[in-house]
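With chain H's structure known, arrange chain F on it following the hints.
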Amino acid sequence: MTTLRLFQLEDMFKFNHIVFDPLVEVYSLPFVLPKILQYPDLVLAAVAPGDRLMGFILGTRIVDSKEPIIGDGKRQSANHGHISALAVAPEFRRLGLGTRLMESMRQLLDRYRDPYLDLFVRQKNLSAISLYETLGYVKYRWLPQYYANDHGYDMRLPLASDVERRSLNGIMRNKLYSFGNMIFYLLMLYVVGIRDILKGVTL
Amino acid sequence: MAQQQQQGMDSALFERRLRPVYDNLEVGNNRKALQESEKLLRKHPTLLCARALKGLSLLRLGRYDESHGCLQAVAEEKPTDDSTLQVLSFCYREMEQLDKIVELYQHAVKQNPGNEELLAHLFISHVRVEDYKAQQAVALQLYKAQPKNAYYFWSVISVVFQGIRGPESALPEKRKIYLGLAQRMVEKHIKEGKLETEQEAFLYLHILKLQNKYQEAWEFLTGELCAKLYPGAPVSMKFELLKELGNWRELNELLQQLLDADRDRWDYYKEYIQSSFELLKLSPKEEKNGEKDSLARCQEFLQGIIESSERKKRGPYLARLELHQRMRANKLPAEELIGDFDEMVIEYFNLFGDKSCCTHDIALFLPTISMKQRQALASKLLLESGVSSTSLPQNKEQMQKHLCALQISRMCGSHMELPTDHLIAFYTALKLHYEHGRSTFGKKLLATEMGPSDAYALLAANVMYDLSRREHKSDHLFEALCLLQYVLRNSTSNFHVKLLSLKIYHLFGCQVGAQEMYEYLDIKQIQLDSMGYVHCQLLPLGGRFSGTRTVYDATLKFFTNSYKERLEYIALTYRFCTFSKMEEFMNFKERLTNSLQYVACSVEAQICDLVSCYGNVTQNLSAYSAMSIEPAEDRIAWHELSDNRDLDAIIRWDPLHQVNAAEERKESFDQEVEVLQVRSLMLRLFASFIDLYHGTGVKDVPAGTETATLELLRESWTGLFQRLRLMNYKPLPQPFLVNLLPTRLHLLLELPYERFFDDLAQLVLDLHSGSGKLAEQCKRVGDNVIIVMDVCVKTIAECNEGNGKDGLWSRREQQQNVAASLEASYNDILSLYALLLSVLNDKLQVSSKTKTKKRTADNKENGPQPISEKERSQMVQELMRQLKHKLEACDAAIRTWKAPVLPRDLSSFMSDMSLKPEVEATLIGDVSATFKDSHELMVTELRNLLKDKIRMAAK
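As you go down the protein sequences, you meet chains H and F in turn. Counting from 1, position 150 in the first sequence corresponds to residue 150 in this note's numbering; the numbering is continuous, with no gaps. Count along the second sequence starting at 1, add 203, and that's the number in this note's numbering.
By construction, these hints were calculated from the structure, which means they are not laboratory data. Computed from a prediction, not measured in an experiment: that's the story for all the values here. Where hints are given, some of them may not hold.
To be verified - Listed below are the simulated BS3-like cross-link pairs for lysine-lysine, each with C-alpha atoms no more than 25 Å apart in a straight line: (1) F:Lys-976 <-> H:Lys-14; (2) H:Lys-124 <-> F:Lys-760; (3) H:Lys-35 <-> F:Lys-760; (4) F:Lys-997 <-> F:Lys-1135; (5) F:Lys-647 <-> F:Lys-558; (6) F:Lys-767 <-> H:Lys-35; (7) F:Lys-495 <-> F:Lys-446.
Claimed, not checked - If you only want the chain F side, here are some residues facing chain H, beta carbon under 8 Å, derived: (8) Asp-470; (9) Ser-765; (10) Glu-768.
Just so it is clear, CB atoms sit at the ideal spot from N, CA and C, and this is done for glycine as well.
For reference, chain H alone in the conformation it holds in the complex (with noise of 0.2 Å):
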């Protein structure tokens, strides 16, 4: 039982209690008010009855190149969709909200006929990178490091404007690069590991 809305500035001063959860990322206002006030039909709210925020999500447009790509004769934008949050109050988890509000920003942006969606997530938090497979997006890249305590992972969706799913091309490449990556990661966590260790020896 929803209300799905556009997502106001003035909700920024509501949503502790959902933005408490430590795989939220509380972002900055020059994060995070370009991308609202650039396209504000991207970020919805989902508010309770009794006006409780349950979510929200935080779509955007990224621009990938000036020219708009002209293939097989249909125009396909050359933007392409990305979500930088997607967050549901625990108190209103398992209510199917999160998948509501990713369909939402699908729709949104098979409006503007954009290629594909992406999204980064934790590689910890296992339960979204479920969400999103069941959604059908798919690993596209292994991000080392890139979040101060965690490793994350590039996922993709291709849209309906993408219709040989072009956007996942070189998914296998992504998956060899990683793969050296990781080895080369786990590499220099053996090799600092082991001055760490040394270095306090000495001490």
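Relative to chain H, chain F alone:
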């Protein structure tokens, strides 16, 4: 002119030469940037951009006078090249001299008429100062120079703002003219077939709605053009218009269609039910003709949705309850049409009780039923949950249901009437349920998840507060704190637990614990505004000045950054042409810049700095002048202060009939504003004392009026207290744990603040004029010091005595006198006093040596012989001696201040839980240690502070 041409030719070259200056500025290496720009100017002394950059470097280095001269000189050359203009406007933005940017671009445009780039900058510079009329003119020039739609609509929105926000918007006829003009402007564009974007269509609809032209708006919204341009127009816009037009039948049908497609939309249901009621009003006689009335049709529709849905959704069930509720409110036969209310709630509970939002949902419908029915319903739900006093939940779902039923019964007031021993038993049961749930269902908890049974412990903490309050004893609440700390070890991310612990620590005056929880909450960015109230308002009472300052710094940093950036976002909305967000953003910006939290933190931070001054007189004075307090000028926009606190962040289940959140918010906000009045006035008054002797501004004032500001402020000071006493504010009651803590207002009224500063003002005046009553006034001030000291010593004694009985509760009871007043306020008073005396002394000693003759000669003419400077100096020294003596006594008293004695019988309070004894021991030990640390730290800080002041007084 020739030079400018030359500049144009070599621009690439200069660009390269200027690069190092830019680079250094970017990384904050301002000194190097200054050197680089000077080096460049030696070769090209007329290069404007380099001069501007030199001005910027000076500004960044804090050499304001030089910077100002440098920038002024550049501006007088009326530059037209983009880079110089950019640098200059950046500097002016930094200095908040926004009108200078307007001038700058006006000159530039005059020299290059029709230059799109420059005109756009001029437009934005008008936007920054909110000059809508000028905006309109520039936008039209822009459109003429470059016929882009964006520019045309910039002028349209500027006209709209003149009508709704500008200085003339208060006049209805003006408003009408402007909005009418805006409408015609857009219509002309539509006729020419030039409307292009979603936001333009939105703006047209908005203009029509502002003029209540709903029919025209409806026609446009449902027309072809709008469908093409604005396919994403929110459907709620249609509801809104249909409602305004009173077209309830169409609205009703539209909503039925929408609900058929999407069955879980509360906004649809709400409007649907309302439209059904409106239809009933229109045709009440349908029933008699054998037709069903609109409510019956509504009920049938909802029932239909319920029966045909395979996956149960909350929507139609809640809608049915809402219909029931509204029918009862209108005295219509709800039972007859829909059925028994209790049964419907129970059905809802059985279907959705395992979701944590169920409590919230059911609570929506409780206020409309009687207390008796509420409590009966609550017992039914408890029964329905299948968990009795002797059994435990079998699975997670049942546990959630049980929790929901318990929360509802608290909301219905069932707990409030239980006798004490029942409540204690209830608490024990909650504790056991928590532990059982944790060990059974919470085993594989991720660090980022809340424990499934945490809510039991939260409820338990609330119950324990009720008990503590009933018995005026702290044991229960202390136990609750230990329990919460235990929960926090198991589920580290439960912010409700942190918020409640923070609250309890503050109740007990334990600042170290509170600070720990505050840091643990990791409050950041805009949360610093909306959540800061849980901590910041209480800090000045804590007596820990250094820690307090750190918290304020973090908060103020957020605010000053947003304040600086605020105008650039408005410029952004114009660049993006998002007309739908402009007003919203301006309101948001105003709320942020007028936040009470912001203003209060800045005043408290300044007081905090003054109180903890510790250097010699010169150092203290330079610290003081760096704060640039202007006593004569009240910089606070009192009527626009905004309450941005998020009071709903903490979850609560307190009895609905005893909670009036809106009233509590208002009362506490009003009192906080009064506290701010007192504090800011105190600061200004104090500043006027110092300025009288060391001010820079005083010299410009004609002789004889130097004391005008001081006298005026002193009048406001006594006037303010008079008004506050008349207002007769009541301390905020604390019926429940989640309620807001009382404000400091009553503390400020009870302590001798008013008299102390009033007498001090007289003393300063007498000292200044050398009045014959000086000796008398010295005595009065001296007496005040004695009074303050006595209260201070007495409260410590009382506190130590109270320790024998109940260390914590009495601490809370006497919070105003002990943890609070003595630590901070008295020290405020005394520290400020010490600072003032040292300043006075310094000044008088100097003048008594050098100017005595001259001064007395001057003053001879006006009436009686004033007391000589030398005598005055002696009197001040006498006061300082007394102060030193008293401060030493205070120090001695604080040395005897004992740490609070914690409740004794706690050692086994968790024995009935499956805790290992060592876990329990460390838990209680940790909490107790926090209290002890907090006390010791406070005593140390206070004594350090006193030591500084004694040193100050001893000079």
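Verification of the supplied hints:
The suggested pairing of F:Lys-976 with H:Lys-14 is violated, with an alpha-carbon distance near 57 Å, which exceeds 25 Å. Note on H:Lys-124 and F:Lys-760: the hinted pairing is violated, with a Cα-Cα distance of about 31 Å set against a maximum of 25 Å. Among the hinted pairs, H:Lys-35 with F:Lys-760 is consistent with the structure: their alpha-carbon atoms are about 22 Å apart, no more than 25 Å. With a C-alpha separation of about 22 Å, the suggested pair F:Lys-997 and F:Lys-1135 falls inside the 25 Å cut-off, and the hint holds.
For the hint pairing F:Lys-647 with F:Lys-558, the CA-to-CA distance comes to about 20 Å; that is within 25 Å, so the pair holds. At most 25 Å may separate the alpha-carbon atoms for a hinted pair to count; F:Lys-767 and H:Lys-35 meet this at roughly 18 Å. Taken as a hint, the F:Lys-495 and F:Lys-446 pair is honoured in the structure, with Cα atoms around 23 Å apart against an allowance of 25 Å. For F:Asp-470, the suggested interface contact is upheld, since its CB lies about 4 Å from the closest CB of chain H, less than 8 Å.
Given the 8 Å rule on beta carbons, the hint for F:Ser-765 holds: about 5 Å separates it from the nearest Cβ of chain H. At a threshold of 8 Å, the smallest CB-CB gap from F:Glu-768 to chain H is about 6 Å, leaving the interface hint in force.
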